[in-house]
Amino acid sequence: MISDFNQLSGLQLDALREVGNIGAGNAATALAQMINSKIEMTVPRVNILPLGEVPDLAGGADRFVVGVYLGVTGSARASILFVMPVENALHLVDMLMGRNLGVTQTLDEIEVSALQEVGNIIASTYLNALAMFTGLTLIPSVPALGMDMAGAILNAVLAQFGAIGDYVLMLETEFKKEGQDVVGHFFVLPEPGALEMILSALGVNG
Amino acid sequence: MMAQIIQVGMADLKVARAPDKLMSAGLGSCVGVCLYDKTAKLGGLAHVMLPSGLQAKNVENRAKFADTALDMLVDVMEKAGGNRTRFTAKIAGGAQMFRFAGDSDIMRIGERNVQAVEENLRRYGIKLVAKDTGGNFGRTIVFDTETGDLLVKTIGHGERVI
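Those protein sequences? They're chains Y and W, same order as listed. Just so we're aligned, residue 1 is where the first sequence starts under our numbering, counting upward by one. Just so we're aligned, residue 1 is where the second sequence starts under our numbering, counting upward by one.
Hints in this document: simulated from the structure, not taken from any laboratory. A virtual CB, placed ideally from N, CA and C, is assigned to each residue, including glycine. Mixed in with the good hints there might be a few duds.
Unchecked claim - Listed next, with one range per pair, are the computed distances between beta-carbon atoms:
| # | chain 1 | residue 1 | chain 2 | residue 2 | range |
| --- | --- | --- | --- | --- | --- |
| 1 | W | Thr147 | Y | Glu196 | 30 to 38 Å |
| 2 | W | Val161 | Y | Gly59 | 35 to 43 Å |
| 3 | W | Thr85 | Y | Asp4 | 39 to 47 Å |
| 4 | W | Arg108 | Y | Thr137 | 21 to 29 Å |
| 5 | Y | Met132 | W | Asp149 | 51 to 59 Å |
| 6 | W | Arg108 | Y | Asp4 | 24 to 32 Å |
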């Protein structure tokens, strides 16, 4: 099992970036269709970092965010997180529900459900692309939503990785609405065993 | 002398002396364990992620587990001039963050962390003098080594000193 992420070769990291790129590209297209607006995305980064530094990627541990979490099971296990600053999540709800920008001020049942659906669709499109490339079966769980400090949202997700090692490998993509601020950060965290399967399915198992 | 605020990240632990403060931002299912030696005006804070390190492999950082973090914290505080017979404890965190949680173990990790921390405090005979745990919200804590006060800040669930 790959327990030391720093042993990954340049070729392996490139392969991860490439599937991440295609997965996130499909996810961005799906998001764009949902809100009927162009979505830009950054080239995915492959971050290998100590657990304690992960909240910094989401804007800092006490940043007020909305996080949608999905677990991935099947032949390779992973966690998927879509993290948005709260004001952006509220805007996203406005766009999803055809409201004027600024109308949504709180997240009640229907707003929560709308954001979970967004998480569901982006995660599924991402996983579809990854499954097509690797031939692996990847099944997303029902999405869970949390609205609070970024560190707090990440805790329970990272705890699973903390039981295995001190570092996590995260594929990170930023989604932006055309000409505007970031909509959110999309993170995929494969578990170490899953990482090995994905790399081997891509033909770069070292 | 200006008091400094020392940040303690996830899976980390630090010790500080009055007038400095120790801070952990965004505790969710994690538990902030604060030990205080009033006589030495010495405080320690561990940001615990998981209940036990006994089964963990490939893990060098022991500060993230309730059992091993407490061993480390007692040790570094004694090396810094503290005495375990004087230590008292305050803890905060251990929430269940996700509103639409499944029944998987990771969703109940907060509750298990709190239990593990309390068990390990009993193992050392350290008195738990205050706690602010559970719920479904995050906490940022600031531990004042001058007074032993623990400030707990939340988003939408108030602010208190325990």
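* Asked: Does the Cβ pair Thr85(W), Asp4(Y) satisfy 39 to 47 Å?
  -> 41 Å, holds
* Asked: Is 30 to 38 Å right for how far apart the beta carbons of Thr147(W) and Glu196(Y) are?
  -> 51 Å, violated
* Asked: Do Val161(W) and Gly59(Y) keep their Cβ atoms within the hinted range of 35 to 43 Å?
  -> 27 Å, violated
* Asked: Taking 21 to 29 Å as the hint, is the beta-carbon distance of Arg108(W) and Thr137(Y) inside that range?
  -> 27 Å, holds
* How does the Cβ-Cβ distance of Arg108(W) and Asp4(Y) compare with 24 to 32 Å: does it lie in that range? -> Distance hint for Arg108(W), Asp4(Y) holds at roughly 30 Å.
* Does the Cβ pair Met132(Y), Asp149(W) satisfy 51 to 59 Å? -> Roughly 56 Å apart at Cβ, these two residues keep to the hinted range, so it holds.
The structure shown violates the earlier hints numbered 1 and 2.
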